[in-house]
Every structure is written in structure tokens, then in C-alpha cells.
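Model the full structure from these sequences, guided by the hints.
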Amino acid sequence: MLLFTIAGSFWLEIVLKVGVLRRVKRALLSIAPVAICFIAWDLYAIHVGHWSFDKKQIIGLIFPGGIPLEEILFFLIVPVAALMTIEAVRSVKTHWPVGDGK
Amino acid sequence: MTYTHITLLALVLSIFNDRLVFKTHLTSKKVFWTSYSIILPFQLLTNWWLTSRNIVMYSDNAIIGFRIASAPIEDLGFGFSLVLSVLTLWIVWGRKGIQRY
Chain E
673 MLLFTIAGSF WLEIVLKVGV LRRVKRALLS IAPVAICFIA WDLYAIHVGH
723 WSFDKKQIIG LIFPGGIPLE EILFFLIVPV AALMTIEAVR SVKTHWPVGD
773 GK
Chain R
6 MTYTHITLLA LVLSIFNDRL VFKTHLTSKK VFWTSYSIIL PFQLLTNWWL
56 TSRNIVMYSD NAIIGFRIAS APIEDLGFGF SLVLSVLTLW IVWGRKGIQR
106 Y
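Just so you know, the sequences run in chain order E and R. With the working numbering applied, the first sequence corresponds to residues 673 to 774, in that order. With the working numbering applied, the second sequence corresponds to residues 6 to 106, in that order.
Derived from the structure by calculation, the hints contain no laboratory data. From the three backbone atoms N, C-alpha and C, an ideal C-beta is built for every residue, glycine too. Possibly wrong hints are sitting among the right ones.
[Stated by the list, open to error] Short, incomplete list of chain R residues facing chain E, as computed with Cβ under 10 Å:
(1) Met6
(2) Thr29
(3) Lys34
(4) Gln48
(5) Leu49
(6) Thr51
(7) Arg58
(8) Met62
(9) Ser75
(10) Ser86
(11) Val88
(12) Thr93
[Stated by the list, open to error] Listing some non-contacts, in silico: residues in chain R with all C-beta distances to chain E over 12 Å:
(13) Ile11
(14) Leu18
(15) Phe71
(16) Ile73
(17) Val97
[To be verified] According to the in silico footprint, chain R covers these stretches of chain E (three or more CB under 8 Å from chain R):
(18) 677-691
(19) 695-708
(20) 718-731
(21) 734-740
(22) 743-755
Next up, the structure:
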């Protein structure tokens, strides 16, 4: 699923030159605070049993609190894909306001 | 709190941040809704993959019970608030001049 997300979005980096991977600092500053909140949510949900994972269908590397490696990567890769998407839309629709001063 | 409650809280917080805290107003911009409408089918596809194969399983007590593409409706709120929050911060840092180009 993570590979599917990467395949579905990272080509935008090459074809439309969205430049998200080039802007590592801005991307990490945008993703890290949100990822921390969502990982906290994830830890709580796992702890109280809102959701659980099939141990046979994950790599099996589990972080403290019961979070699988895939969950951590999810909160990195999905936001990168979202950033690439909005930058791709901007690169096609150059006259649409985005609001970041570019 | 159930998954339903936390999802509603996340939705309110992410929209509150966009509109009142950072005033990025992505939720009234075409560029955001176009991006989200591109993201949404991919989210539904991955939701379906993860839930129909029981890679992720949800407790019946934590969800309202309405499912879209085999996944709890709450997942849509989860995804929306994740995407909106990250994009809001991306705009905030750009506005401050951090790696605008």
C-alpha cells in the first residue's frame, strides 16, 4: 500500500518538477508536528483497542506502544504525497491562488 | 472516546487551524479542493485494500458502523484532517519565506 502511494505520487516530482523532495526542510517542518499528533492518536487507539493489525500481513517491526513500522512510514509518505499533489495542481493551474507568497 | 469522537475532534481542529489560527483559508481555495478530490479516490482505494484484507481491523465498539469502500466512514475524516493539517503548515512555512521555491 505504501509502495502504491509512492508510485502514485512520486512521478509528479519528475514529470511536473513539483520540488517537494528538494524542499526537505519545509516538508519536514510541515509533516513532523502533524505526524507527532497522529502517532499519539495511533498509540491511544492501539492502546484502547480501536484498531489492530494482522501480524501476519506486516513486516513485524513493532515500535514501543505497539505501532508497526508501516504506520510510522504511513505518516511520512501520505503527507509527502499530499504535498506533491497540491504542488502538482499549482504547477498546472498557475493562476489559482495558494496563499504562500510564491 | 471512540474513533468517531476523535475523528470529529480532529476535523474541527484542522479546520479551526486553517481558518482561524493560521488563516491559510485552504478550505475556501480551489487549489485545495482540487488536490483533495485527486487524493480522495486514492485514499478510498488504500482504505479498501487495508480493510478488506483485514490488514487493519476496527473494533465495532469504536466506530459508528457506516462503511465506505469497506473502511469505517471515520477514516475519511482521519485522512481529511491529516491532509489539511500538513498542507496548512506547508503554506504557513512558505508564507514565512522558508523554501518558497
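Status of each hint after checking the structure:
1. Because the closest C-beta pair between methionine 6(R) and chain E is about 8 Å apart, less than 10 Å, the hint holds.
2. Hint status for threonine 29(R): holds, given a least beta-carbon distance of 6 Å to chain E, under 10 Å.
3. The restraint placing lysine 34(R) at the interface with chain E holds, with a minimum CB-CB distance near 6 Å, inside the 10 Å limit.
4. Given hint, glutamine 48(R) at the interface with chain E, holds; its Cβ is 8 Å from that chain's nearest Cβ, closer than 10 Å.
5. For leucine 49(R), the suggested interface contact is broken, since its CB lies about 12 Å from the closest CB of chain E, more than 10 Å.
6. For the restraint placing threonine 51(R) at the interface with chain E, the shortest Cβ-Cβ distance is roughly 5 Å, inside the 10 Å limit, so the hint holds.
7. Hint status for arginine 58(R) relative to chain E: holds, with the closest Cβ pair at about 7 Å, below 10 Å.
8. For methionine 62(R), the interface hint holds, the least distance from its beta-carbon to any beta-carbon of chain E being 5 Å, beneath 10 Å.
9. Here the hint on serine 75(R) is broken, as its CB sits about 14 Å from the closest CB of chain E, past 10 Å.
10. The interface hint given for serine 86(R) holds, since its Cβ lies 9 Å from the closest Cβ of chain E, which is under the 10 Å cut-off.
11. Interface restraint check: valine 88(R) against chain E, minimum CB-CB distance 5 Å, threshold 10 Å, status holds.
12. Checking threonine 93(R) against chain E by beta carbon gives a least distance of about 8 Å; that is within 10 Å, so the hint holds.
13. Non-interface call for isoleucine 11(R) relative to chain E: violated, since the shortest CB-CB distance, roughly 6 Å, does not exceed 12 Å.
14. For leucine 18(R), the non-interface assignment is contradicted: its Cβ lies about 9 Å from the closest Cβ of chain E, within the 12 Å cut-off.
15. Interface exclusion of phenylalanine 71(R) from chain E stands, the closest Cβ pair being 16 Å apart, more than 12 Å.
16. Listed as outside the interface, isoleucine 73(R) is consistent with that label: its C-beta sits roughly 16 Å from the nearest C-beta of chain E, beyond the 12 Å cut-off.
17. Remark: the non-interface label on valine 97(R) conflicts with the geometry, its nearest Cβ contact in chain E lying 8 Å away (cut-off 12 Å).
18. Only when three residues or more bring their CB closer than 8 Å to a CB of chain R does the claim for the segment 677-691 of chain E stand; here the count is 3, and the claim holds.
19. Check result for the segment 695-708 of chain E against chain R: holds, 9 residues qualifying (beta carbon to beta carbon below 8 Å, three or more required).
20. Counting residues of the segment 718-731 of chain E whose beta carbon lies closer than 8 Å to any beta carbon of chain R gives 9, which meets the minimum of three for the stated coverage.
21. Counting residues of the segment 734-740 of chain E whose CB lies closer than 8 Å to any CB of chain R gives 0, so the stated coverage by that chain is violated, three being the minimum.
22. For the segment 743-755 of chain E, the stated coverage by chain R is satisfied: 6 residues place a CB nearer than 8 Å to a CB of that chain, which reaches the threshold of 3.
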